[in-house]
Structure formats: structure tokens, C-alpha cells
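Given next are the chains, with one letter for each unit.
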Amino acid sequence: MNVASLKLLTRRPPVIVAGLVVVTVLAFLGVNRLVNRFREQEKALARHLYEHGMQAQSAGQPERAVESFRAALGYAHDNFDYQLSLARALRDTGRTAESETYLIGLWERSPQEGAVNLALGRLFAREQLFDKAIQYYHNAIYGLWPGDPETKRRDTEFELIGFLLQHKAYPQAQAELITMAAALPDDPGLRLRVAQLFAQSQDYEHALAQFQQVLRSDHESKAALYGAGQAAFQLGRYRTAQGYLRNAVRGDPQNAQAAQSLKIASLVLQADPFAPRISDAERNKRVRAAFQAAGDRLDNCAKSKQIDLTPRSPSGGLPALKAQWLEMAPKLARLRPPRDGADLDETMDLVFEIEQQTQAACGTPDDLDQALLLLLLTQDRSGVER
Amino acid sequence: MTGPGVPASDSFPTSLPADGSALKRGGRSWFTLSTSREERFFLLLAVFIGLFSGLAVVCFRLAIDWTRISMLGPAPEPHSWRLIATPTIVGLIVAVLVVHVFPLVRGSGVNQTKAALYIYNGYIPFRTAIGKFITAAMAIGSGQSLGPEDPSLQIGASLASALGRRLELSRERLRLLAPVGAAAGLAAAFNAPISAVLFVIEEVIGRWSAGILGSVVLSAVSSVVVVRWFLGSEPLFRIPAVGLVRPTELLAYAVLGVVGGLAAVIFAKAIGYFRPRLRAWPRWTQYLQPAAAGLIIGIIGFLGAPQIMGAGYEYMDQAMHDQFTWKMLAILALLKIVATTLSFVSGAPGGMFAPTLFVGAMLGGAVGGVERALYPGLTGSTATYALVGMGVLFAAFLRVPMTSVFMVLEVSGNYSIIVPVILANTLAYLISRGLEPVPIFDLLTRQDGLDLPSLEEQREQTVLRVEDAMKPAPTPVLEAQYSVDQALRRVQDLTGTFLVRMSPSGWGSVTPDTLKRLVGEGKGELSLGSALPIRNLPYLHPDLTLEAALRHVYHVPLVPVVHRADFRRLEGVISREDVLEKYKEQEDD
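These protein sequences, in sequence, are chains L and E.
For the first sequence, position 317 matches number 317 in this note's numbering, and the numbering has no gaps at all.
For the second sequence, position 277 matches number 277 in this note's numbering, and the numbering has no gaps at all.
Don't take every hint at face value.
[Said to hold, decoys possible] Okay, derived cross-link-like pairs now, SDA-like style, lysine to any residue, Cα gap no bigger than 20 Å in a straight line: (1) L:Lys222 to L:Gly189; (2) L:Lys43 to E:Gly73; (3) L:Lys43 to E:Ser233; (4) L:Lys263 to L:Thr378; (5) E:Lys471 to E:Thr495; (6) L:Lys43 to E:Gly232; (7) E:Lys471 to E:Leu526; (8) L:Lys7 to E:Ala63; (9) L:Lys43 to E:Ala63; (10) L:Lys331 to L:Asn284; (11) L:Lys43 to E:Ser70; (12) L:Lys43 to E:Thr67; (13) L:Lys43 to E:Ala75; (14) L:Lys132 to L:Ser110; (15) E:Lys582 to E:Glu547; (16) L:Lys7 to E:Thr495; (17) L:Lys43 to E:Glu547; (18) E:Lys327 to L:Ala97; (19) L:Lys132 to L:Phe158; (20) L:Lys43 to E:Cys59; (21) L:Lys43 to E:Arg228; (22) L:Lys43 to E:Ser509; (23) L:Lys43 to E:Lys471; (24) L:Lys43 to E:Pro76.
These are calculated hints, taken from the structure and not from any lab test.
Turn these sequences into a full structure, and let the hints steer you where they fit.
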């Protein structure tokens with residue numbers, strides 16, 4: 001084949017196309033190598049900037065962290081972690097709109113990603129967008145988590161419950177807690193936390209049950225004893241509360257709140273004139289004590305508020321109550337057992353009335369007065385726990 | 001036409017290579033394929049041009065990034081001396097390269113490509129591609145306020161031209177290759193094929209041509225595929241979907257259109273004013289001009305606005321995400337206009353697309369910020385205003401209204417913004433056209449002593465149509481079933497040519513002399529249809545252009561103009577004299 005025929009051959013379209021294909025493939029390989037090397041360099045640079053950002057964030061410098069994360073993203077546009085970190089840092093600096101844009105972008109890419117949903121949940125929680133926050137928290141709970149998903153889901157659930165409690169959404173918090181408690185592993189620490197959250201959500205029945213479950217595996221748990229005591233106290237089960245609180249105070253004498261609750265619970269039990277299996281003398285003694293406490297409370301309250309309790313006074317409720325009290329006092333002094341049940345009710349009604357009105361007028365009562373008020377509450381239930 | 005003291009152009013080759021090696025000057029090349037096969041091969045070639053351009057643009061972008069990271073650092077911050085030193089020193093080096101090694105790489109590259117198409121038969125030296133690649137990467141990477149898109153366009157066109165010459169294509173084909181490569185380069189740079197195709201049609205080719213559209217589209221698509229393969233397919237900007245709560249909110253975008261239109265005029269006038277004056281300065285100053293521009297831009301960056309250095313895409317993204325206050329956005333828009341004007345008029349190689357988008361984004365964000373401060377009920381985010389602002393500047397400064405709309409859609413991947421974009425772009429375009437009649441690219445070519453066609457000017461031209469020049473038909477109009485005697489009786493006292501309505505369709509013409517001759521030959525009893533030679537006249541419709549009429553009036557003295565729905569219904573007649581008279585009338589106007 002001579003040069004002329006070779007030249008002619010190279011001018012045939014199929015040969016030209018084949019030549020172009022070869023050149024293209026070679027160019028692709030060359031550029032691919034170049035791009036890969038450059039990308040590696042960029043990745044290293046981005047990693048360095050990202051670490052810088054993480055350090056800044058740990059040091060409580062979210063503005064610097066934003067700058068670093070942003071610079072890192074300049075070299076690794078699609079990096080999920082960098083974008084998520086930037087979104088979080090932006091949220092921490094208060095740039096919620098920008099943070100939301102990034103997070104929504106990530107969410108559109110991976111709607112199942114637990115971390116993204118959690119970040120969105122936190123963002124909307126910060127913006128007080130209640131429903132949206134709950135929606136994304138739920139997405140996060142049921143989303144995908146790389147590495148130890150159970151723990152991360154549970155932490156998210158705790159966070160959601162905390163958010164609900166913060167917004168006083170107690171029924172929703174209780175619902176979350178019931179679901180969570182049903183699937184809790186055998187971990188007293190976790191159960192104790194759930195029990196405390198039940199208590200915070202004012203579901204004392206479940207709280208008491210959870211505390212009792214903790215105590216089954218750890219009888220000495222001070223927190224569980226205290227929690228169980230408080231839950232029982234709130235349920236009006238003062239006898240049970242007394243038992244738990246006594247143990248709690250014994251285990252932790254510094255626990256002033258437990259001591260105070262124990263004192264009140266004991267006072268309720270001691271002051272209850274409706275208690276069965278007590279002698280008439282004892283019952284009369286309790287009525288008199290309650291009556292005297294109510295009278296003292298009335299006088300102190302009137303004194304502190306400078307209210308004239310004389311019968312001529314025009315000052316409405318408290319003077320009228322004083323008049324009633326004065327009228328009933330001689331009768332009570334002459335009281336002999338066995339007394340009539342109707343008298344007991346009449347006396348205690350006046351006591352409760354005085355306690356309620358003085359609380360409204362003068363605020364926090366003394367321990368015994370508080371016990372009497374709690375006693376009143378128990379009359380709406382089935383009485384004090386026997 | 002040209003500015004004061006404009007030297008002979010050094011942005012364009014003054015002549016083709018003397019040995020003729022660059023072009024096959026004849027109408028045909030060695031390429032002896034049938035027309036259809038040649039067309040198919042040309043389409044295939046467009047794909048390869050797209051692939052090569054895409055690869056070149058990928059490398060070009062890497063080169064810019066590498067230069068930037070190496071010279072300005074991975075995350076440039078104010079008060080770093082690098083910001084001043086780098087653009088100044090690199091400006092000097094670039095100036096030496098431009099003056100001594102690559103004189104054709106000055107400026108953006110759009111006009112050079114256009115000139116190659118219209119003046120140099122598609123010839124762009126391959127050296128231009130290399131020079132543009134090196135010098136633009138250095139200039140942009142070192143912080144000159146220029147963008148990579150226009151150079152990419154020129155690199156693509158240059159590669160296409162080189163390939164065409166290598167294959168010894170015909171002059172006609174070679175001429176078409178430049179816009180094919182240009183579209184590929186621009187599409188790759190923008191990662192936006194539709195905008196690239198539209199821009200090349202609006203600005204480079206200047207007309208819609210079915211012959212080239214397929215090749216342009218193919219090359220643009222293949223280059224974008226390459227870029228996405230290597231660099232990813234994410235849109236340039238991420239913005240949330242836009243929902244217009246009330247149609248009255250469009251007024252807010254209309255205000256942006258007005259402000260953007262005015263800003264574009266200021267931008268264009270600044271470049272138009274300073275460019276010829278700087279180029280008229282002594283030749284030795286050309287070594288210093290890019291360095292001086294770099295120094296000023298570096299000082300601006302040093303003092304607190306490094307965002308204006310380079311193309312600035314990352315800062316546009318930040319602006320869209322509420323990173324800056326509206327005051328800062330307004331300052332950045334103003335500084336970017338100053339910096340880009342300096343960089344561009346200094347002769348540093350680089351494009352104006354990215355700076356235009358930057359100014360638009362900042363201005364849009366600023367206007368949106370002010371509007372939302374005044375009317376807190378407005379629902380548009382900073383991102384939406386910034387994005388609309390980009391389109392506004394693109395439409396008003398580069399004067400490519402259609403491209404501007406599609407560009408916004410493509411760079412954001414968001415269709416929901418289209419209504420505000422169309423409204424604001426149209427307003428900005430109209431304001432810019434009203435205040436600055438000559439588009440920026442035309443202004444630059446005229447400053448370089450060239451006169452290249454533009455689609456905008458073509459749109460402005462009044463198109464003369466047949467209905468403008470036609471006259472009422474001479475009466476009577478003869479029917480084909482008339483006998484020759486009958487026809488002669490009707491016209492014997494008249495002169496000129498008379499039309500004959502043939503049956504069942506078509507038109508003929510006859511003169512009284514012809515009729516007399518036929519009677520003399522004893523054919524008086526015959527019908528006109530049978531006596532006249534079987535040759536129908538061509539006919540025209542009133543809405544056809546006069547250019548279309550010209551094809552016929554030279555051969556036929558009187559051409560019938562007929563209704564489009566009823567070819568037997570005569571609307572008028574047109575003759576060569578009528579056409580020429582109309583053209584003369586227009587010329588006199």
C-alpha cells in the first residue's frame with residue numbers, strides 16, 4: 001500500500017469516525033485522570049476545612065464554623081455531611097431560612113435520612129412551627145440511621161418528648177411515651193428516664209408503674225424511690241407515697257423535696273378525720289386540729305392582707321367565714337364522742353372552705369393547711385388511700 | 001461607528017493565512033459524499049465537536065480553580081496581601097502573553113467567534129484556543145472580575161474550526177462549524193444546553209436556520225453530557241420553589257426589571273466609554289493595563305469585598321441564601337460593575353456572562369431586600385429576587401431576551417419562577433434598548449472596526465412585503481372561457497398586459513397584440529384557454545416578502561397576487577418596477 005492510497009483511505013468517513021472515536025476515548029481517559037487527581041486534592045482541602053469548621057463549632061464559634069463549612073462545600077458541593085453540618089451551623093447562628101434551604105435540599109435527596117429529618121425537626125422546633133417539627137421528628141424516628149440506629153431513634157424520641165413537654169402538649173407526649181415504654185430494652189436507666197418523663201407529662205399512673213418497674217431491678221435507686229413517691233403523692237396515694245418517700249429520704253437525706261413531700265403526705269394521713277379504723281376520740285381530735293388550723297390560717301391571712309374580720313366589716317368572704325368559724329367554735333369545744341357524721345361534714349366543709357379562700361387570697365399555705373387542701377382533693381377521689 | 005482614537009482591530013485576524021492552507025477555498029472539498037450523507041456526517045461531526053469542547057471546558061474550569069486555589073488560597077478572606085499581589089503580578093504576565101504571544105485572545109470571545117463566522121469563513125486559529133485557555137484561566141483564577149463562559153465559547157469554536165480544517169471541509173461547512181463549537185463551549189461552561197443554543201442563535205448566528213440548528217443542538221447536548229459526567233449534574237444554584245401568593249406581587253419584580261434595566265445601561269455605557277479610550281493609549285500601557293485593573297480589584301478585595309474577584313458563582317449562591325444584607329448586596333453589585341469594567345477594558349481575557357449574573361444576583365437581592373423591608377407581606381425570598389435579577393441583567397446587558405429566560409430556568413432547575421422572570425426581563429430589555437440602542441456586543445465589534453449582523457437589529461428592521469408594493473390588477477381580467485374575439489373586443493382600445501384567469505386554476509397573461517395575432521391566424525373562435533400556450537404564471541400572496549417576489553418579477557412582467565385560500569381571487573399585481581420603486585421609497589425614508 002503506497003502513501004497515496006493510505007492517504008485516500010484515511011479520508012474515508014468510516015476511517016475518520018474511527019479516528020475521532022479513538023482520539024475521544026484517549027482524551028476522555030486523560031481528562032478523567034486529571035479530574036480524579038484534582039478531585040482528590042479538592043477532597044483533601046475540603047476535609048481540612050471541614051475539620052476546621054467542626055473545631056470551631058465545638059469551640060462555640062458557629063460563625064467561623066459556617067465560613068469553614070461553606071468553604072469546604074466549595075470543594076465538595078455534594079458532600080452530605082458538609083451540607084448537614086453547614087445547615088446545623090447556620091441554624092445555630094440563627095440563619096434559619098438558609099439552613100432550611102440546605103436541609104430541604106438534602107431531604108429531597110434523601111427523605112429517609114434520619115439525621116436530616118432530625119435537623120429539620122430541630123429547625124422547625126426552633127422556629128416554633130409545632131406541627132412541622134413533630135412531622136420531621138417522627139420522620140427521624142422512623143428514618144435510616146447509620147450505626148446504632150436504635151440508640152439514635154430513641155434519642156430522637158426523647159428529644160421529641162422534651163419538645164412536646166416544653167410546649168405543654170401533654171397528651172401527645174404521653175402517647176409518645178407509652179409507645180416508647182412498650183419497646184424499651186431491659187435498662188433501668190432508660191426506664192427511669194421514661195418514668196420521669198411520664199411524671200413531667202402529668203401521667204402519674206404510668207410514671208408510678210415505670211418507677212416501680214425500675215425498683216424491681218434496683219431497690220435502692222434513690223431517683224426511682226423519689227419519683228415513685230412523688231407520683232404516688234400526685235395520685236393522692238399518700239400511704240404509698242409515704243413509704244417510697246421515707247425510703248428516698250433515708251437513702252438521700254439531702255433530698256429536701258422528698259423530705260417536704262414526705263412531711264406533707266404524713267400530715268395528710270395524720271390529719272384525715274375521715275380515715276376508717278380510728279377511734280371517735282381520735283377523729284374528734286383531728287377535726288378540732290383541722291378547725292383550729294383553719295381558724296389560725298384565716299386570722300393570719302386577714303392580718304397579712306389587713307382585712308377587718310369583725311362582723312361589721314364589709315369585706316365579703318373572709319369576715320363571713322370568720323363569723324361562721326366563731327359560731328361553730330363553741331359547739332366544737334363541747335364536742336363529745338360519738339359525734340354525728342353530719343357535724344363532722346359540716347365542720348370539715350367550713351375548714352375546706354376557709355383553706356380554699358385563704359389560699360386564693362393569701363397564696364401558699366403552711367404544711368398543715370396544705371395537707372388539709374390535699375385532703376379536700378381526696379374527697380373528690382375515693383378518699384385517702386387506706 | 002467607531003469610538004475615538006480606535007486603532008485597527010487586534011482582536012481579530014486581519015487576513016486569512018496567505019498560503020491558503022487553512023481553508024479549502026473552493027466550494028467543494030475532497031469530501032465527495034452525497035448531500036444527504038454529508039449532512040449526516042456533519043451531524044456526527046457536531047457530536048464529536050461537542051465532546052471535544054466539553055473535555056476542553058472541563059480542563060479549563062479545573063485550570064481556573066487550580067489557579068485560584070494556588071494563588072488566592074482555598075478560602076480568600078479580606079486583609080490578605082495575596083489579594084492585591086496576585087491579580088497585579090498575574091495581570092502583568094497575562095498582558096505580555098496577550099501582546100506578544102496570543103494577540104487574538106483579548107476580550108470575551110463572542111465577537112471573535114461571530115467575526116469568524118461572517119468574515120473569515122469560520123477560520124479561528126487553533127492557537128487562539130490554547131491562548132484563550134491559558135490567559136483566561138490565569139486572569140480569572142488570579143481574581144480579575146471576568147467569567148469563564150465567553151472564553152469557553154471561543155475555545156469551543158476554535159476547536160471546531162481546527163477540526164473542520166483538519167478534515168478539509170468545504171468553506172460552507174467550515175463556516176457553520178464555528179457556531180456549532182461555540183454552542184458546545186458555552187453549553188459546557190453553563191451546564192445549560194438550551195441557553196447555549198439560544199444564545200448562539202440570538203447573538204452569534206443572528207438568525208434561525210434549520211440547516212444548522214440540528215448540529216448546534218447536538219454539539220451543545222454532547223458537551224453538556226461530558227461536563228456532567230465529570231463535574232456532576234447539579235444546577236448552579238439551589239433555590240426553593242416560588243409561589244406567587246398574589247398576582248400584585250409581580251409589581252415587585254417589575255420594579256426589579258426597571259432597576260436592572262438602568263443598571264445594565266450604566267454597565268454597558270461604562271464599557272463603551274472606557275474601552276476605546278484605554279485602547280487609544282500608547283502601546284506600552286497595554287502591558288500595564290491588566291495589572292492596574294488587577295491592582296484596583298485586589299485593593300477592593302483587600303478592603304473587604306473579595307467576593308467581586310473572579311467569576312463569583314459561590315458568592316451568588318451565598319447571596320441567594322441570605323448571606324448578605326441588602327446594603328451589602330447593593331455595594332457588591334456596584335463594585336462588580338466597576339471591577340468588571342476595569343478588567344474588561346484593560347484587555348484581560350475573560351467573559352462577561354458571569355459578572356453579568358453576579359451583578360444581577362446582587363442587585364436582585366438588594367432590590368428584593370428593600371421591597372420586603374417596605375412591604376413585609378411580599379412572599380418572594382432573596383433567592384427568587386436574586387435569580388430574577390440575573391435574568392434581568394442578562395436580558396438588558398447582553399440583550400438576549402429569550403436566552404435570559406431559559407438561562408434562569410436552567411441554572412436554577414426551577415420552573416416556578418418563570419412568570420416573574422419573563423415580566424422583569426422584558427421590562428429591563430425594553431428600558432435598555434430604549435436608552436442604549438446599540439447592544440454591547442455590537443458596540444464592541446464596531447469599536448473594533450467591524451460591522452457584524454445582529455438578530456436584534458434584524459428584528460428592528462421593517463420587512464417589506466408584497467402587499468406593500470402590489471398594485472390593483474389592470475382591468476379587465478379575462479376569463480379562460482372567453483373566445484379570442486370576445487377578449488380582443490374587451491381590450492382592443494387598451495395597452496399593456498392583461499391577466500387571464502385559467503380554468504380550473506392558475507393564471508396566464510396576454511397582450512392585445514397577441515390577441516390580434518391569434519385572430520389573424522383564424523383562431524378567433526377558440527377559447528383563450530385553448531388558444532394560449534399552456535404555461536401558467538407564477539403567483540404570489542400578499543404576505544410574502546419582497547425578496548420572495550424578486551425571484552419572479554425578473555422573468556414575468558406582471559405577477560398576480562392571489563388570496564391564500566382562493567387562488568382564483570386576485571388581490572393585485574406586482575411588477576419589477578413596483579418592487580424597485582418600493583425599495584427606493586424605503587431607502588429615501
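- prompt: Is it true that the CA of Lys43 of chain L sits at most 20 Å from the CA of Ala75 of chain E?
  reply: Holds, at roughly 14 Å.
query: Is the straight-line distance between the alpha-carbon of Lys43 of chain L and that of Gly232 of chain E 20 Å or less?
result: holds, 15 Å
message: Between the alpha carbons of Lys43 of chain L and Ser70 of chain E, is the straight-line distance 20 Å or under?
response: Distance ~15 Å between Lys43 of chain L and Ser70 of chain E Cα, so the pair holds.
Hint consistency between Lys132 of chain L and Ser110 of chain L [alpha-carbon to alpha-carbon, up to 20 Å]: holds, 18 Å
query: Straight-line Cα separation of Lys132 of chain L and Phe158 of chain L no greater than 20 Å?
result: holds, 17 Å
field: Pair hint Lys43 of chain L and Lys471 of chain E, alpha-carbon separation not exceeding 20 Å
entry: violated, 75 Å
- request: Please work out if Lys43 of chain L and Arg228 of chain E have their alpha carbons no farther apart than 20 Å.
  value: holds, 18 Å
message: So if I understand the rule, the pair passes when the alpha-carbon distance is 20 Å or less; does Lys582 of chain E with Glu547 of chain E pass?
response: Judged against 20 Å, a Cα distance of about 12 Å means the pair holds.
message: Tell me if the straight-line CA distance from Lys7 of chain L to Thr495 of chain E falls inside 20 Å.
response: Violated, because 68 Å separates the two Cα atoms, which is more than 20 Å.
Pair hint Lys43 of chain L and Thr67 of chain E, alpha-carbon separation not exceeding 20 Å: This hinted pair holds, its Cα atoms lying about 17 Å apart.
- request: Verify the proposed pairing of Lys43 of chain L with Cys59 of chain E, using a straight-line Cα cut of 20 Å.
  value: holds, 18 Å
query: Within 20 Å, alpha carbon to alpha carbon, are Lys43 of chain L and Ser509 of chain E?
result: It is violated: about 81 Å lies between the C-alpha atoms, which goes past 20 Å.
Hint check: violations occur at hints 7, 8, 16, 17, 22, 23; the rest are consistent with the structure.
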